[in-house]
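S.K.: One letter stands for each residue in the lines below.
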Amino acid sequence: MTARVGVVTFPGSLDDGDARRAVRLAGGEPVALWHRDTDLHQVDAVVLPGGFSYGDYLRCGAIARFSPIMENIIAGAREGMPVLGICNGFQILCESHLLPGALTRNDHLHFVCRDQKLRIENAGTAWTSDYEAGQEITVPLKNGEGGYVADERTLDELEAEGRVVARYLELNPNGSRRDIAGISNAAGNVVGLMPHPEHAVEPLTGPTTEGLGFFTSILKRLVTAR
Amino acid sequence: MARVVVDVMLKPEILDPQGQAVQRALPRLGFEGITDVRQGKRFELELDGPADEAALARIREAAETFLANTVIEDFTVRVES
Chain A
13 MTARVGVVTF
23 PGSLDDGDAR
33 RAVRLAGGEP
43 VALWHRDTDL
53 HQVDAVVLPG
63 GFSYGDYLRC
73 GAIARFSPIM
83 ENIIAGAREG
93 MPVLGICNGF
103 QILCESHLLP
113 GALTRNDHLH
123 FVCRDQKLRI
133 ENAGTAWTSD
143 YEAGQEITVP
153 LKNGEGGYVA
163 DERTLDELEA
173 EGRVVARYLE
183 LNPNGSRRDI
193 AGISNAAGNV
203 VGLMPHPEHA
213 VEPLTGPTTE
223 GLGFFTSILK
233 RLVTAR
Chain B
17 MARVVVDVML
27 KPEILDPQGQ
37 AVQRALPRLG
47 FEGITDVRQG
57 KRFELELDGP
67 ADEAALARIR
77 EAAETFLANT
87 VIEDFTVRVE
97 S
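In the order they appear, the protein sequences are chains A and B. Note that my numbering has the first sequence beginning at 13, numbered continuously upward. Note that my numbering has the second sequence beginning at 17, numbered continuously upward.
The set of hints was computed from the structure by calculation and includes no laboratory data. There could be a bad hint or two in this list.
[What the hints assert, rightly or not] Some, not all, of what chain A presents toward chain B, calculated at C-beta under 7 Å: (1) G67; (2) R71; (3) R117; (4) D119; (5) V235.
[To be verified] Sample of chain A residues lacking proximity to chain B, with all beta carbon distances greater than 10 Å (derived): (6) R33; (7) S79; (8) G92; (9) E169.
Yeah, the Cβ is synthetic: ideal placement off N, Cα and C, and Gly gets one too.
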């Protein structure tokens with residue numbers, strides 16, 4: 013018995029293929045979801061992949077957030093369905109108000125593409141339970157608008173409630189407030205992450221295989237829940 | 017027929033690295049005396065009817081939900097004659 017994890021393809025998505033591959037390597041059944049569809053095809057969880065949905069027009073994620081498929085994803089997420097947004101997916105989750113704050117242009121204005129060291133701060137979310145709190149991992153990071161911003165009260169709340177899921181180590185690559193690389197909602201089922209764990213799941217193509225934990229975490233949770 | 021303009025600007029407390037880059041380039045081009053630049057967006061909306069209070073209320077709703085991200089941006093709505 014395995015679990016079905018949907019991966020949405022928007023016009024301009026780039027990392028949907030790698031996300032489906034990561035789900036499969038973790039032992040799950042990847043299900044391709046189309047942005048114009050409204051049917052979630054009985055998936056147990058959803059990944060919103062990286063890329064440049066709708067050309068990043070207006071704001072990153074702003075148009076994707078109103079895609080037909082998003083209505084059911086937003087409703088499902090509010091009822092506890094696990095959702096992981098990576099990079100552009102993180103931007104879509106913020107635009108959907110499933111996560112607080114926003115992602116803004118990198119403070120140095122350059123597109124950044126590097127292998128980035130992170131610390132998993134919260135190993136209690138649906139997507140990080142296969143890590144230890146405090147574990148350091150290295151996965152690719154590639155973004156132009158990855159600077160996480162929120163007002164001080166929201167940042168304090170995220171810290172106090174343990175909702176900072178991952179933090180940049182050694183170098184803050186984009187000016188994110190408090191070195192934040194990823195956050196979760198209060199329930200822990202919705203996680204947004206700027207770096208790309210789906211690109212670090214195989215020795216041939218990734219700097220490490222340390223990204224796989226996000227996908228094995230959700231698989232274990234879904235299979236145990238049955 | 018009427019034209020309504022929606023201006024969207026980053027909130028003052030949000031860093032605007034694009035505006036800063038423009039500001040730094042100005043003196044190099046000989047434009048002195050400009051101490052700060054903030055960059056924003058301007059939307060020109062053509063209406064099929066008059067810009068009455070009902071139409072403006074809908075445009076404010078569109079600006080609030082879509083044209084601006086009010087977490088980081090402010091907007092203004094005005095009728096252009």
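S.K.: Flag every earlier hint the structure violates by its number, smallest first.
M.R.: 1 and 5
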